[in-house]
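A.B. asks: Residue numbers (our numbering), protein chains in the order written: chain B, 73 to 475; chain Z, 73 to 475.
Certain hints may be false.
Any copy, or any two copies together, can satisfy a pair, since identical chains are not distinguished.
Stated by the list, open to error - Think about it this way: if two alpha-carbon atoms lie no more than 20 Å apart in a straight line, the pair counts; the simulated SDA-like pairs of lysine to any residue are:
1) Lys-250 - Leu-183
2) Lys-315 - Pro-455
3) Lys-445 - Leu-338
4) Lys-282 - Arg-97
5) Lys-312 - Ser-401
Read the hints as simulated data drawn from the structure, not as lab findings. Given the structure is predicted, the values throughout are model-derived calculations rather than measurements.
There are 2 protein chains.
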Amino acid sequence: MKTVGLVVEYNPFHNGHLYHAQKARESTGADVVIAVMSGHFLQRGEPALVNKWARTRMALQNGVDIVVELPYAFSVQKAEYFSNGAISILHGLFCESFCFGSENGHIAPFLQTLQQMKEKSHLLEPLIHQYMNKGFSFPKAQTLAREELFENKLPLDLSRPNNILGFHYIRANNTLQKPMKPLTITRQQADFHEETLGSQSIASATGIRKAIFEKQNGLSTIEQYVPAATLEVIAQYLNKYGKLHHWDLYWPLLQYRLLSSSAAELANIYDVAEGIEHRLKEASLRAQNFSEFMQSVKTKRYTWTRIQRMLVHILLHVSKEDMAAAIESVRYVRLLGMNGQGREYLNRIKKNMELPLITRAASYKEALALDVKAAEVYALGLPPHSSHSLLQSEFNEPPIILP
Amino acid sequence: MKTVGLVVEYNPFHNGHLYHAQKARESTGADVVIAVMSGHFLQRGEPALVNKWARTRMALQNGVDIVVELPYAFSVQKAEYFSNGAISILHGLFCESFCFGSENGHIAPFLQTLQQMKEKSHLLEPLIHQYMNKGFSFPKAQTLAREELFENKLPLDLSRPNNILGFHYIRANNTLQKPMKPLTITRQQADFHEETLGSQSIASATGIRKAIFEKQNGLSTIEQYVPAATLEVIAQYLNKYGKLHHWDLYWPLLQYRLLSSSAAELANIYDVAEGIEHRLKEASLRAQNFSEFMQSVKTKRYTWTRIQRMLVHILLHVSKEDMAAAIESVRYVRLLGMNGQGREYLNRIKKNMELPLITRAASYKEALALDVKAAEVYALGLPPHSSHSLLQSEFNEPPIILP
């Protein structure tokens, strides 16, 4: 059976994702489409709109055959670690190829860029640090260093977010003993961070989330941009838990954590650096909500998403040592869901897999400690009566199985 | 000027407290009545109904001349430490006498009991430990050990809560170089923990709080048991902040703290011992509210109040080292409020005081760290818009001054 892998967040699953999965299957002739999907907290440092089980259901009802989890240790990380984790899981599931959406849409420029940057990597790193020492954020410093070094002659525009991710997938893939075949498709119409909804059928997940939270009748506003299953799953989730997740729900917990921890304790949290802990504590005393808080802590030095990732780690109380241990111990593939085709594939490859395929969390409590904590804190954003049922689900929820 | 000291919580100030303050003044002929009052968290391991400023106002409007704070390092402690802290502060303010309510009502039995227990202390301590090793709580083991050793012939009934506190006041007082003169009055009518309101004008604070939270028209139900100022202050507080404080408000934060901390981290919190941290974590996953949680963690080994104090320390994230440092650094007297008479007295004694008299927290940030944290976490129990104004008050609130 031929298999193609996707790296996804599905927050929520929309028509662009449907197109991506279909194109990946078509252009590789794959029998099985595997998605490695972030759990409850995402790369931009945000809680997912609905939990991973609900998002798995959306994917399985829209042509994805297997959904496995990208563990917290990789999912709330900068592009490089995020990509390493995702690619290694797809590789561990014996995908022959993987397919990502990008602004560029052709694979050659990615490979050429990787080659050129390898040749000049000894010059690039010091230059990036020089720019960071001038106060630029890491992505901005990267861009400036690349401009200086390559004079804008790189074949790939690395200022575009999906080109960046794709570049890191390919870099991670190239370090494997047997690299998978990389494919890319052009992202249709919507820009990655596009916040307004147009008249087409494809919109960015960011725009869709914004509409859900800010428009009256949010769900009907997004109808044209998402498959029916997405609407249905979101409506069921709302019905069951009363809320969709966003940072505002976690603000009371984050504020409490910031005020009740010492600056030294915060400095020991993963990704917290350079004294920003004082700024965070100070701001938490005055801010009335999450967006006020973000406005008062943002700085030229860090991107918005970097700060948000930092805050997720603080919310989950993940120390530098915790994260090092977690990255070290991520030696498993956790199954979130599959259909009949997916099941057949997993049955075939299971015995050859180097990593254990986890179907029930209860048997892997220690290895999964960080993901379990993420699920618990994720649940606590909801009102007590809702969080209670969600809290129990991490250990007891079996993978979702569709025919 | 003659001065008498009281050790109080005023949660809330009721007619029994009024009687206590009047009697203390009368029987000592004091010009000045000083109350050392617990801050935001109390000896039974509970948040105070209203904050310390509101409770100070109640006291000043009912015949107390000076209110100073019993710091967190002493207020959320077993009787022994609580009493040591309170007595040393009254002594630091040059009180000639102190007066407490007790079930016994006479001072001689306290002094005689202290004497007899001193004589047999070498036998008592090992016996208490023997009973604790059989699984009894500390207070129960104390009672059993005393019964065995003194065959119920002690002149004081040490199974009564106010006799116990009084006994510890007197023991602490007797260690001073110049002990104050101890006085006790019989507590009128209401038992310490009496939970029902009778037809008299005096009821226990416990009964009054229960009525406020559980009865419709709670405030009018308590009218006959509290001075007008208490009702007024509570009504204003409700009007300003929307809620009166109780454990339920802090359950989401406590649950979050328990679930997001490792067992090892919890074991490092002050007063947490003997593996109870595992029991706490386990219960926090299943409980839907604070009382469900308490029901599932209670054990023969620990009293209810001991567990609640433990939970306050967990909520405030006070480690064993933090508490040791705090007890060591409590070298100040913090003024919460005074009237004209009180002001005159403080002006006279100020220059002779060994401890600094703090009127503004901002100048003593480090020494007050634990009390400031207590005030901040106390505020976070309220909804965000209310907590915001309360959060600012700890540093900026000047002592309350009445004519």
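A.B. asks: Quick one: which hint numbers does this structure break? Sort them smallest to largest.
C.D. replies: 4 and 5
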